[in-house]
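There are 2 protein chains.
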Amino acid sequence: MKEFDLISNHFSKGGFQRKDVLIGIGDDAAVTRVPSGQCLVTTTDTMVEGVHFLAGTQPEAIAHKLVAVNLSDLSAMGAEPAWVSLSLSLPQIDPAWIKAFSEKLHSLSEYFSFQLIGGDTVQGPLSITLTAQGFIPEDNQITRAGAQAGDWIMVTGCLGDAGVGLDILKGLRQVENLEQASYLKNRHWYPTPRVLAGTTMRRIASSCIDLSDGLVQDIQHITAASQVGVLIHLDKLPISEALGENVDNLLDAITYAATAGDDYELLFTVPEEQRVNIETALSSYDIPVTCIGQVTGAVGKVDLRIDEKPFKFSASAKGFEHFS
Amino acid sequence: MKEFDLISNHFSKGGFQRKDVLIGIGDDAAVTRVPSGQCLVTTTDTMVEGVHFLAGTQPEAIAHKLVAVNLSDLSAMGAEPAWVSLSLSLPQIDPAWIKAFSEKLHSLSEYFSFQLIGGDTVQGPLSITLTAQGFIPEDNQITRAGAQAGDWIMVTGCLGDAGVGLDILKGLRQVENLEQASYLKNRHWYPTPRVLAGTTMRRIASSCIDLSDGLVQDIQHITAASQVGVLIHLDKLPISEALGENVDNLLDAITYAATAGDDYELLFTVPEEQRVNIETALSSYDIPVTCIGQVTGAVGKVDLRIDEKPFKFSASAKGFEHFS
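First to last, the protein sequences are chains A and B. So in UniProt numbering, the last spot in the first sequence is 324, and the numbers never skip. So in UniProt numbering, the last spot in the second sequence is 324, and the numbers never skip.
It is possible that some hints are incorrect.
[Stated by the list, open to error] To give an idea of the interface, some chain B residues facing chain A are shown, with a C-beta separation under 7 Å as derived from the structure: (1) 27; (2) 28; (3) 29; (4) 33; (5) 39; (6) 45; (7) 48; (8) 77; (9) 89; (10) 120; (11) 124; (12) 126; (13) 129; (14) 137; (15) 140; (16) 210.
Hints were generated in silico from the structure; no laboratory data involved. We put the beta carbon where it would ideally sit given N, CA and C, even for glycine.
The whole structure should be built from the sequences, with the hints applied where relevant.
Below is the structure:
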């Protein structure tokens with residue numbers, strides 16, 4: 001089978017079709033139209049077999065996670081997704097794999113209203129790169145640089161589930177309750193990009209980041225960019241029942257929640273006067289949100305507390321770092 | 001060395017800075033502004049070691065070719081480059097490699113006035129994906145679908161050099177003249193994206209494609225999209241002195257020029273009444289252009305001629321196909 005047949009068979013047909021795509025897959029490049037008054041938001045993420053997902057991971061889970069990771073980045077800026085470009089490096093052509101992968105991508109494009117506009121398919125080790133593009137109204141972007149001393153630190157959803165899920169998949173942890181085991185594994189395979197939360201917090205949140213490498217590590221991007229410090233009450237981190245019931249103790253749960261990463265929840269800061277607004281707005285969409293601390297003036301300081309007492313993680317519990 | 005240091009050290013500083021980039025590298029996503037009245041043009045290409053470039057290829061050549069391949073796609077639509085996102089998968093961190101690669105990327109960004117706005121750096125097999133974004137005024141894009149019977153078929157530059165260059169590098173061909181050998185290898189390593197040619201042929205060319213897989217294969221995308229046929233005079237293909245003097249005979253030269261690929265010249269069609277316009281415009285920029293044939297009404301037919309006689313390549317001379 002030729003590269004071109006592969007692409008045209010599985011990717012060029014199907015999925016969500018947008019009116020702002022003038023030329024999609026099938027020419028030298030895609031031509032699209034950004035609405036007047038909107039800025040373009042662009043992000044790229046790569047996932048490599050054995051590094052970002054275990055060998056043998058289902059193509060549906062790979063497609064989902066790749067999309068989720070990218071849409072999560074757009075959401076952290078407050079942007080809504082519009083178009084994606086896919087680069088697929090495959091060791092060989094496995095029609096069943098490609099069918100499952102492309103169908104999942106198409107169904108996600110329907111759900112999130114984005115269109116696949118192009119990409120590349122090459123022979124190589126299993127590795128996938130997605131570039132996602134979206135819109136945000138002029139001057140509405142939420143950066144990492146706007147946090148101010150006194151702002152509340154909030155987080156969507158629950159933290160740590162994906163980390164436990166990965167440990168279950170690696171055989172490092174046993175979870176007897178099958179329903180909970182399944183929930184935790186699915187939180188690793190199928191994270192939820194917080195698209196609606198991101199657009200909701202435009203002009204409300206003072207800064208935002210998505211949690212990919214673990215809260216303790218990721219929040220340092222906010223302290224650095226905003227030139228602030230943070231006080232985090234680790235005992236307030238939102239922990240699911242499935243996580244809490246299947247670890248050894250509360251400290252274990254907190255360690256997953258604070259350091260394991262891969263949750264793709266949004267961590268954001270909000271001024272006191274906006275806190276009720278954002279809580280009300282998110283709860284009207286059934287998006288859980290928890291206040292976990294406060295921004296301080298101690299530039300660069302990440303002050304972690306449990307029951308108000310200072311706490312330090314051991315070196316081995318640091319967030320995920322490539323090449324470390 | 002941590003992923004973040006790697007990125008910030010080498011990629012976030014330096015290179016061309018554009019005023020339409022509101023947020024570049026260093027946040028969850030980039031925020032950019034597409035000028036009013038312009039459409040966005042997006043393309044993605046991936047290069048894998050051992051597939052798209054030989055193991056041991058200099059980082060400067062990899063960076064150049066990756067940029068050239070992407071800008072070539074933008075040029076084939078008539079677009080001007082604006083921003084690129086880079087995904088770099090590296091087996092290990094080699095500071096000298098990264099320095100050389102990033103410096104080349106920055107120097108290309110200065111030359112072509114694009115800005116690196118983001119990307120991803122992961123551990124994995126050597127593989128690089130670039131997504132390039134550019135602009136084209138509304139309704140100015142040149143697609144593969146506009147060729148009409150009677151239009152002239154033109155091509156920029158010379159064809160086949162990159163193919164011979166690759167064969168020299170693989171040890172399949174000896175070229176004694178060192179200057180010519182160097183020229184041919186550099187045509188493989190450092191192809192010239194025809195950015196100025198692309199923008200020049202807006203509203204003049206009826207269709208356009210860049211030659212990556214070889215003329216005979218690539219032109220079939222135009223015959224399919226435009227629902228036309230083509231008559232190609234293979235003896236008119238533009239062949240460099242270095243190519244002509246270092247192959248066994250004219251047929252050998254023609255075979256490289258028509259099938260070897262990787263030239264990244266633009267092949268375009270132009271109506272009779274526009275032919276002088278495009279020839280004058282391109283020659284004023286010192287861009288060589290050659291008429292190699294004519295569009296016909298025989299839908300799907302690629303009529304190849306040498307000295308007016310029908311000609312067929314042997315099956316082994318077909319253009320480069322992944323997975324074939």
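Item to check | Numbers of the earlier hints that this structure fails to satisfy, in rising order | outcome: Violated hints: 12, 14 and 15; rest satisfied.
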